[in-house]
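Participant: Take the given structure of chain A and dock chain B to it, following the hints.
Chain order of the listed sequences is A and B.
So the number in the numbering used here is just where the residue sits in the first sequence, counting from 1, plus 37.
So the number in the numbering used here is just where the residue sits in the second sequence, counting from 1, plus 70.
Heads up, a few of these hints could be off.
[Said to hold, decoys possible] Stretch by stretch, here's where chain B covers chain A in the computed footprint (C-beta under 8 Å, at least three residues):
no.: 1; segment: 72 to 84
no.: 2; segment: 139 to 145
[As the list claims (entries may be wrong)] Derived lysine-lysine pairs resembling PhoX-like cross-links, with alpha carbons at most 20 Å apart:
no.: 3; chain 1: A; residue 1: K129; chain 2: A; residue 2: K104
no.: 4; chain 1: B; residue 1: K134; chain 2: A; residue 2: K135
no.: 5; chain 1: A; residue 1: K107; chain 2: A; residue 2: K135
no.: 6; chain 1: A; residue 1: K135; chain 2: B; residue 2: K125
no.: 7; chain 1: A; residue 1: K39; chain 2: A; residue 2: K104
no.: 8; chain 1: A; residue 1: K93; chain 2: A; residue 2: K39
no.: 9; chain 1: B; residue 1: K90; chain 2: A; residue 2: K79
no.: 10; chain 1: B; residue 1: K125; chain 2: B; residue 2: K136
no.: 11; chain 1: B; residue 1: K136; chain 2: B; residue 2: K84
no.: 12; chain 1: A; residue 1: K107; chain 2: A; residue 2: K129
no.: 13; chain 1: B; residue 1: K125; chain 2: A; residue 2: K79
no.: 14; chain 1: B; residue 1: K111; chain 2: A; residue 2: K39
no.: 15; chain 1: A; residue 1: K93; chain 2: A; residue 2: K104
no.: 16; chain 1: A; residue 1: K129; chain 2: A; residue 2: K39
no.: 17; chain 1: B; residue 1: K84; chain 2: B; residue 2: K125
Simulated from the structure, these hints should not be mistaken for lab results.
Glycine included, every Cβ here is placed at the ideal spot set by N, Cα and C.
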Amino acid sequence: QKEVEQDPGPLSVPEGAIVSLNCTYSNSAFQYFMWYRQYSRKGPELLMYTYSSGNKEDGRFTAQVDKSSKYISLFIRDSQPSDSATYLCAIKGGATNKLIFGTGTLLAVQP
Amino acid sequence: GAVVSQHPSRVICKSGTSVKIECRSLDFQATTMFWYRQFPKQSLMLMATSNEGSKATYEQGVEKDKFLINHASLTLSTLTVTSAHPEDSSFYICSAAQLRPNTEAFFGQGTRLTVV
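Isolated chain A, as found in the complex (with noise of 0.2 Å):
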């Protein structure tokens, strides 16, 4: 079993839509939680981040974390062409200090 598990996607939403983006891990240990946006060719930039269960707000972005499933959300309102790109979910802790990632998840975000 991965550590992290992500659905590859591609995910296509027309303009406006709310996006859901779902990761779940393996291991109860994982203390803290991230989401990263890539675009193509592109290092990862940070979206959000958060350690412990419950919502995290920011602008259009809320971050979820559910600890007991072991489930990780990223919801986008009022999807723009210019999210598109890959979302990719990062999780570390335990016995380590690394980045753990999910595979991405490749949005398209349509005018």
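Facilitator: Leaving out everything else, chain B in the frame of chain A:
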């Protein structure tokens, strides 16, 4: 967020030559730097972790003699791909962080290496 600069952004080299990639943290001291490799449409694969002033820790399956990592200062780490071959062609990305468990890691813009 903090700025991590990676250079060059793109490099083409001949098979058998070596290539050096630099990763600099511009506005903070990075006690830890990570090097990743990313194949098309795949996620980031951690290659190695380097702490300033000590030897890098390589992930299983990564050849330490082929991918030389130096982290000589708190703002600079380098990855040298030695005797490059076409199968080494990939997107290499560094990230930098401070050595505390609840801190963020910031990524460079990546280097596209093509070995011909």
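Participant: Now tell me if each hint is right for this structure.
Facilitator: Hints, verified against the model:
no., hint, result
1, 72 to 84, "holds (count 7)"
2, 139 to 145, "holds (count 4)"
3, A:K129 <-> A:K104, "13 Å, holds"
4, B:K134 <-> A:K135, "18 Å, holds"
5, A:K107 <-> A:K135, "18 Å, holds"
6, A:K135 <-> B:K125, "16 Å, holds"
7, A:K39 <-> A:K104, "17 Å, holds"
8, A:K93 <-> A:K39, "26 Å, violated"
9, B:K90 <-> A:K79, "19 Å, holds"
10, B:K125 <-> B:K136, "15 Å, holds"
11, B:K136 <-> B:K84, "16 Å, holds"
12, A:K107 <-> A:K129, "13 Å, holds"
13, B:K125 <-> A:K79, "28 Å, violated"
14, B:K111 <-> A:K39, "18 Å, holds"
15, A:K93 <-> A:K104, "14 Å, holds"
16, A:K129 <-> A:K39, "14 Å, holds"
17, B:K84 <-> B:K125, "28 Å, violated"
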